[in-house]
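Asks: Below, each chain spelled out in residue letters.
Number of protein chains: 2
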Amino acid sequence: MLQAALRAGSAGRRSVFEVFTRRLPEGRRYGVVAGTGRVLDAVENFRFDAPVLEFLAEQRIVDGPTLDWLADYRFRGDIWGYPEGEVYFPGSPIMRVEGTFAEAVLLETVILSILNHDSAVAAAASRMSVAAGGRPLIEMGARRTHELAAVAAARAAYVGGFTSTSDLAAGFRYNIPTVGTSAHAFTLLHDSERDAFRAQVDSLGGGTTLLVDTFDVTEAVRMAVEIAGPDLGAVRIDSGDLLLLAHRVRQQLDDLGATKTRIVVTSDLDEYAIASLAAAPVDAYGVGTQLVTGSGHPTCSMVYKLVARADSDGADAPLRPVAKKSMGGKSSIGGRKWAARRVDADGVAEAEVVGTGPVPQELAGRQLAVELVRAGEVVAREPLDAARDRHARARAGLPMSAMQLSRGEAVLPTEYA
Amino acid sequence: MLQAALRAGSAGRRSVFEVFTRRLPEGRRYGVVAGTGRVLDAVENFRFDAPVLEFLAEQRIVDGPTLDWLADYRFRGDIWGYPEGEVYFPGSPIMRVEGTFAEAVLLETVILSILNHDSAVAAAASRMSVAAGGRPLIEMGARRTHELAAVAAARAAYVGGFTSTSDLAAGFRYNIPTVGTSAHAFTLLHDSERDAFRAQVDSLGGGTTLLVDTFDVTEAVRMAVEIAGPDLGAVRIDSGDLLLLAHRVRQQLDDLGATKTRIVVTSDLDEYAIASLAAAPVDAYGVGTQLVTGSGHPTCSMVYKLVARADSDGADAPLRPVAKKSMGGKSSIGGRKWAARRVDADGVAEAEVVGTGPVPQELAGRQLAVELVRAGEVVAREPLDAARDRHARARAGLPMSAMQLSRGEAVLPTEYA
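These protein sequence lines are chains A and B, in that order. For the first sequence, numbering that gives the first Met the number 0 gives the first residue as 0, with consecutive numbering after it. For the second sequence, numbering that gives the first Met the number 0 gives the first residue as 0, with consecutive numbering after it.
Don't take every hint at face value.
[Stated by the list, open to error] Here are the simulated distance ranges between beta carbons:
| hint | chain 1 | residue 1 | chain 2 | residue 2 | range |
| --- | --- | --- | --- | --- | --- |
| 1 | B | Pro-50 | A | Pro-357 | 22 to 30 Å |
| 2 | B | Asp-240 | A | His-246 | 36 to 44 Å |
| 3 | B | Asp-345 | A | Asp-240 | 43 to 51 Å |
[What the hints assert, rightly or not] Stretch-level coverage of chain B by chain A, calculated; a stretch enters the list once three of its residues show a Cβ under 8 Å from a Cβ in chain A:
| hint | stretch |
| --- | --- |
| 4 | 135 to 145 |
| 5 | 196 to 204 |
[What the hints assert, rightly or not] Sample of chain B residues facing chain A (criterion: CB under 10 Å; computed from the structure):
| hint | residue |
| --- | --- |
| 6 | Trp-68 |
| 7 | Phe-100 |
| 8 | Arg-389 |
Since the hints were derived computationally from the structure, they do not count as laboratory data. These numbers were taken from a predicted model, which means no experiment stands behind them. We put the CB at the ideal spot given by N, CA and C, even for glycine.
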């Protein structure tokens, strides 16, 4: 596309691309924007270095003029979008990229990859954090997804409401709080469970978390408190009937005087399993597979569509709305869009309003998009906690039905103004 | 775990970890081992550099002696496993890592991340390639998954039977054949569909693939042949009723004399949609979302379990089988395992045989594991085509029912000898 547009003289036409989704995953009430911070890093660093240019040349993927153009590539356009952690609905213009066609079309894949992946994980995390109430959630899914997707997943989970991660690479890269527990292998390495517990407590102190389900849970809990004392930090249960075991272990810990020792449960949890443990004496949940695979929806269906472009080169050439008109439900709405969230008299969100014309006065202060990149420079970097806090606020501003785990429609209608 | 084991003096015990899965994803007939080549790269490069060690020290994640140990870390043990592309079943010992506890336990997450992700994509790819018969399959899912998972997914898809990828980074990294088509944005950029087609043909020649469903398919096909001539390479249809459109477009192309022009279809395809197009005049399938998300199963449930370890340090200390004994379906079988695929009189596979004792004479020549790493050195690098060819052979050796897309049990029983 790039090569043909360069040759045809259309590559320099000012163009507006928008990221949006036509629908939420089936049954979901809201989406969560995540990955925005990673998009900004990716856009800033998007270059074609010598080995890549050589590959493109050797494989004859593009011609000489295109190679020259790619060698100088650097995005110099503008990006606006929903800030990270914000919620979204079908049709929400989540991100808008403006620049020449050539410079903007090249970013399609990386922007969609990041937003589709990270938002899918954040949406699952958000539902799990609703289900967990105020209890801490530990991200433990690294081994269930691609090794670097895992790091991004830990980040997205944190935005969605998780408390910490067991992925040290995510702690290193994004400064997310890290925690860990031991595995069954640690117990089995030693000549007895007693030796294993003693080794762990000797090294990490009594505040550590001991894994108690390698052999017999009751015996392990008894021994754990015997070795670590009543100030033992926590025990982890990773198999069996968690509801039953949590009650039994809590009783046993209390009987042993270990009233402050916490109970951490893991074992293929999802938002429904978490919710079903609400009445159990559980102090923290560790979640893996279902979190990093989006709890049934491992990707969002965000697309990156050309919605307007100029008829000629030049930054001042007027923009013309464009849209695909074909059959099959893939039509889109042309024109550069604004979006605002209308609230009712109590301040509860009641509609996502999207339009292409002037913004109505009463919605001017409720616009959702913020400036992210201006003439190629990132202008909206923020700490990850800002996105996490924003998500908690945005979710709290939705109607109560957003918190239902059951399947349903989007909690806000999208209105086109 | 590492710190406690180092301090307790158990870190140096020779240990055997095995990767296996307790079950296939629901309804699947076989699994596909993929990612082995990436595991070898990861193991070879697994190090702790200065910034990471500083992070671990500053955050007080591990103590001084552990930091010193990590600074010198390099895996010096042995790895055996099913070669890449091989099929697997519940209980198949897909990979075996032997070394000291300390050096082997550190590899758990990276090995599982790679195998769980890549094998999930390869399994979906394999089913899609069965459904496609001999027709080419193009991987087009980059924008639906994490930006680097996408590159690994293109690789795994190739192992599973895909023909090419639209992900240039995967072509660059793994030498996979790359192809591309234009997007609706390219058509919409121009003042007319005619201008867009002309621009593309001028730049890429008549052998290019024109996208014909931006406005009216019939009109677009007519114009495409008018502009490119009857030697037009291909047209792509990305929306609508693909079965109906493929027939109509084929008829139209033939009437226009473009009898060699191919028809490429895309649009949320999965193995079932591909199979349903078997009788349609389709020449290639482009597959995105469902491929890179494992067609409903985005991860495998492979685990990495300690199955044997020595009672003391030293390479000669005898190994003792170990296993978790707790409730909840998570028990495992202790001991270092061999595996062989038994065939019937016609040479068709009839059982996956797994054992811990001596290998029966009649199975000695049918063992599945090969040596991958010896004393820390990779000994089994191979071109990706070798894995792709191996998968085609392994799948062809299974009972015919393996090719059924319908849900069912694993096509081979796993027998414990």
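Asks: Quick check: do three or more residues in the stretch 135 to 145 of chain B have a beta carbon closer than 8 Å to a beta carbon of chain A?
Replies: holds (count 5)
Asks: CB of Pro-50 of chain B to CB of Pro-357 of chain A, is that within 22 to 30 Å?
Replies: violated, 50 Å
Asks: Please check whether the stretch 196 to 204 of chain B has three or more residues whose CB lies within less than 8 Å of a CB on chain A.
Replies: holds (count 6)
Asks: Using the C-beta atoms of Asp-345 of chain B and Asp-240 of chain A, is the stated range 43 to 51 Å upheld?
Replies: Since Asp-345 of chain B and Asp-240 of chain A have Cβ atoms about 46 Å apart, the given range 43 to 51 Å holds.
Asks: Less than 10 Å between beta-carbons is the criterion; does Phe-100 of chain B satisfy it with respect to chain A?
Replies: holds, 5 Å
Asks: Measuring from the C-beta of Arg-389 of chain B to each C-beta in chain A, is the shortest one below 10 Å?
Replies: violated, 22 Å
Asks: Regarding the hint that Trp-68 of chain B lies at the interface with chain A, is the smallest CB-CB distance below 10 Å?
Replies: violated, 13 Å
Asks: Is the distance from the Cβ of Asp-240 of chain B to the Cβ of His-246 of chain A consistent with 36 to 44 Å?
Replies: For Asp-240 of chain B and His-246 of chain A the Cβ distance comes to about 55 Å; the hint is violated.
Hint check: violations occur at hints 1, 2, 6 and 8; the rest are consistent with the structure.
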